[in-house]
Amino acid sequence: MVAISPDETAQWDRAPRARRTTLMLAALLGLVSVFSLTVGAAGTSPWAVLADWLAGREIGLADRVVLFEIRLPRLAMGALVGASLAVSGAVMQGLFRNPLADPGLVGVSAGAGLGAIAAIVLGGLLPAGLAAALGYYAVPVAAFAGGWASTLVLYAISTRRGRTSVATMLLAGIALGALAGALSGILVYMADDAQLRDLTFWGLGSLAGATWAKLAAAAPLMILALACAPMLARGLNGLALGEAAANHIGIPVQRLKAVAILTVAGATGAAVAVSGGIGFVGIVVPHLLRLAIGPDHRFLLVNAALLGAALLILADVIARVIIAPAELPIGIVTATLGGPFFLWILLRKRGVLDL
Amino acid sequence: MLDAKDITVRLGHRAILTGIDFRARPGAVTAIVGPNGSGKTTLLRALTGDLSPDGRVRLNGHDIASTRPWVLASLRGVLPQATPLAFPFTAAEVVRLGLMGGVEAAEDGLVPKALARVGLAGFEGRYYQELSGGEQQRVQLARVLAQVWHPMAHGRPRWLFLDEPVSSLDIGHQLQVMQIARDFADAGGGVVAVMHDLNLTAMFADAVTLLAEGRVLGQGAPADVLRDDLLSRAYRCPIRVNTTPANGPYLLPHAAGQIAAE
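Chains as they are written, first to last, in the UniProt record's numbering: chain Z, 1 to 355; chain E, 1 to 262.
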C-alpha cells in the first residue's frame, strides 16, 4: 500500500518521497476505481461495454443500468466520502495539534449525525415551500450545520489562550458525542414508521444507496471542502508551532482556524449525511502517511485524499463481494482490515509515534 | 525604531504592566531584565503583538495592532521561551517553517546555513522531539534567523525578539547565541531580548530596561541600570555590582549579603 522505508532519517528532505507517494497513490486510486467498476453481483463487464460503445453498438439496458446507475455513482460516492473523511481527519489533527483528533472520535460525526437525523425526522415540520426547495439538500445541509456547530464548540471549549488541551478536547468530545447521541435517540423515538425506515438505511454506514441524485446533493459540499483543504496546508504547518508562533511567522491564525473548522464540518457533514458515518478512515490514513512521508501538510492533505478514496473504494468492493449477493456494512470491513493493520504499524513504529 | 508608549496590560483585575514606555533602536541589543513575575515576558508579548495592550506599539512606523501578520513577519522574528511541537517534524522542516513568513524564501540553502549558524550543522534530518532542550531551543533560533536572515531589508532594519534565549543552554552556547544577537545588531538589525542572566546582559546589551512589579525601575545604558541600589530593590536582595577594569560591570552571587526575610 504505502511504502515505508525503515530508514526515515537518511535524507533530510522528505519532499521528493512525498511527491513520489502522490503519484503512486494516484495510480492506486485509478487501479482500484477500474477494479470497482468490474466487480459486482451482476456479471457486467465495463470492458465489454466499452468495446460495444467504441464499435458503435447499442449498449444493453441492463448493462447500462448496472454500470452507470449503480456502480459509477457508488464509485464516485466512495471516492468522495473516503477523501473527505481522510482529509477531515488530517485537517482536524493539524488544527488541534494532536494526532488523536478525529471527527469520529471527538463528537463531530455525532453532531453531523444529529443534524442528519433531525432533518429526516423534523423535516416534515418545515414549511412546505422551504422543504421543497431544500429537497435532497436538507440532510447534507443539516449534517453540515451539526458538524460545524460541534467542531466550533469543541475548539472553543478545549482551547484557552492559544493552547489546545488534549485532555479537555477528548473529554469535551466524548461529552458532545454522548449529548448528540442522546438527542438523536429522542428524535428516533419520535420518528414514525416511514422515517424509521429512512433512518435505518441512513445509519447502516454504507454506500449501497448511492444514486446520482444523492450524490448531486452531497458532492458539492465535499468537493468544496476538499478544494479548500490544500489552501490550509501552509497554515497548518505553522500551527504545529502553536498559535502565537504561527502568528509570528505570518499566518492569519484566526482566519485559518475558521476556514479549517468549516472545511472539517463540510467534509464530515456531507460524508456522514450520505454514508452514515464510516469510522477509522480519518485517523488511520493521516497516521500512515505521516509515518511514510512526514507531517508536512502540503503533501499530507493531497495524499490523504487519494489514499482515503482508494481505501474506501477497496473496502466497498470487499463489502459487496465477500458475502454476495448480500452486502456487509462497509464500516465492518474498514475496521476488520484496518484495525489489525494499524496495530501492526503502531507496534513497528512506536518510536516515531511517541514523538 | 521600536517605540512603545504607555503600555498597560491587565489580566482579570490584576495589572501585569502599568504605563510602560519602551524604546529600542536598530543596531543595538536592548535587554529587558527583572525578577520572576515582573512582567518581562508580558512586555515582550505586548511588543510582538501577541497581546493587545492599552497604549501603542510602533515597529518601523507600523502600528503593531493594525498590521497584518505577514507584514509583521517580514519585519521581525520572535523566539519564544520554549516551543513544544506537534507531530514529528525534522529539524530542517522546523527551520523551513521560518521561511514561510520571510522574504528569503527564494534563497538557496538557507536551512542548512541557519542550522550551522546555531552550531547544529548536520542536524537537518534529526527529529525535533529527539533533540535535547538546548538543541530544540537552538533549532527554534535557527528558524527565527531564517525568517529574518538579513538584518536589513530594503534599507530598513529588521528585528529579533528573544524571550530568554539562553535559558536552557550551557555556557558555551550561551555565549554563541548572545554573539549571534550581537552580530545581528552590529549588521544594522534590532534585537530585543528578555534576559535572566545579568552578567550576559552587562556583556552584550547596549541598553537595559529593568522591570519590577510591572513598572519600569530603570532604563538606559547597562552601567546606569545595573547598579547596586536599583538591582537590590528590584530583586529584593542585597546585590553588589563589581567592575572589571576593561569591560564594565559584573556581579557575583557570592558578593550578595544575607537575604532578608520578607
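Please keep in mind that the hints were generated in silico from the structure rather than gathered at the bench.
Note that the coordinates shown come from a computational prediction; the quantities given were computed from them, not determined experimentally.
Please note: incorrect hints may appear among the correct ones.
[Claimed, not checked] The following label-pair restraints were derived from C-beta to C-beta distances: (1) Arg19/Z <-> Gly248/E: 53 to 61 Å; (2) Ser167/E <-> Arg348/Z: 15 to 23 Å; (3) Ala221/E <-> Arg348/Z: 56 to 64 Å; (4) Asp206/E <-> Pro230/Z: 42 to 50 Å; (5) Arg58/E <-> Arg19/Z: 39 to 47 Å.
[Unchecked claim] Here are a few chain E residues that face chain Z, going by a calculated C-beta distance under 8 Å: (6) Ser66; (7) Trp70; (8) Pro88; (9) Met100; (10) Ala121; (11) Glu124.
[Said to hold, decoys possible] Covered stretches of chain Z (in silico footprint by chain E; criterion: 3 or more residues with CB under 8 Å from a CB of chain E, positions within the stretch not fixed): (12) 96 to 106; (13) 148 to 159; (14) 257 to 270.
We treat Cβ as the ideally placed atom computed from N, Cα and C, and that holds for glycine.
Holds or violated: the 42 to 50 Å window for the beta-carbon distance between aspartate 206/E and proline 230/Z? 46 Å, holds
Given methionine 100/E as an interface hint, is its Cβ closer than 8 Å to any Cβ of chain Z? This hint holds: methionine 100/E lies near chain Z, its Cβ roughly 5 Å from the closest one there, short of 8 Å.
Verdict on chain E covering the region 96 to 106 of chain Z, where coverage means 3 or more residues with a C-beta closer than 8 Å: holds (count 3)
Would you check whether proline 88/E satisfies its interface hint, that is, whether its CB is within less than 8 Å of any CB in chain Z? 4 Å, holds
Taking the closest Cβ pair, is glutamate 124/E under 8 Å from chain Z? 4 Å, holds
With a C-beta cutoff of 8 Å, work out whether three or more residues of the region 257 to 270 of chain Z approach chain E closely enough for the coverage to hold. violated (count 0)
Taking 15 to 23 Å as the stated bounds, is the beta-carbon spacing between serine 167/E and arginine 348/Z within them? Violated - the Cβ-Cβ distance for serine 167/E and arginine 348/Z, about 37 Å, lies outside 15 to 23 Å.
Against chain E, does the region 148 to 159 of chain Z show at least 3 residues with beta-carbon separation below 8 Å? violated (count 0)
If I claimed the Cβ atoms of arginine 58/E and arginine 19/Z lie 39 to 47 Å apart, would that claim hold in this structure? 44 Å, holds
Could you say whether the range 56 to 64 Å given as a hint is met by the Cβ separation of alanine 221/E and arginine 348/Z? 60 Å, holds
Let me know if the C-beta of alanine 121/E comes in closer than 8 Å to any C-beta of chain Z, holds or violated. Hint violated; alanine 121/E Cβ to chain Z Cβ min 12 Å, cut 8 Å.
Check the following: the C-beta atoms of arginine 19/Z and glycine 248/E are separated by a distance inside 53 to 61 Å. 55 Å, holds
Checked against the numbered hints given earlier, the structure breaks hints 2, 6, 10, 13, 14 and satisfies all the rest.
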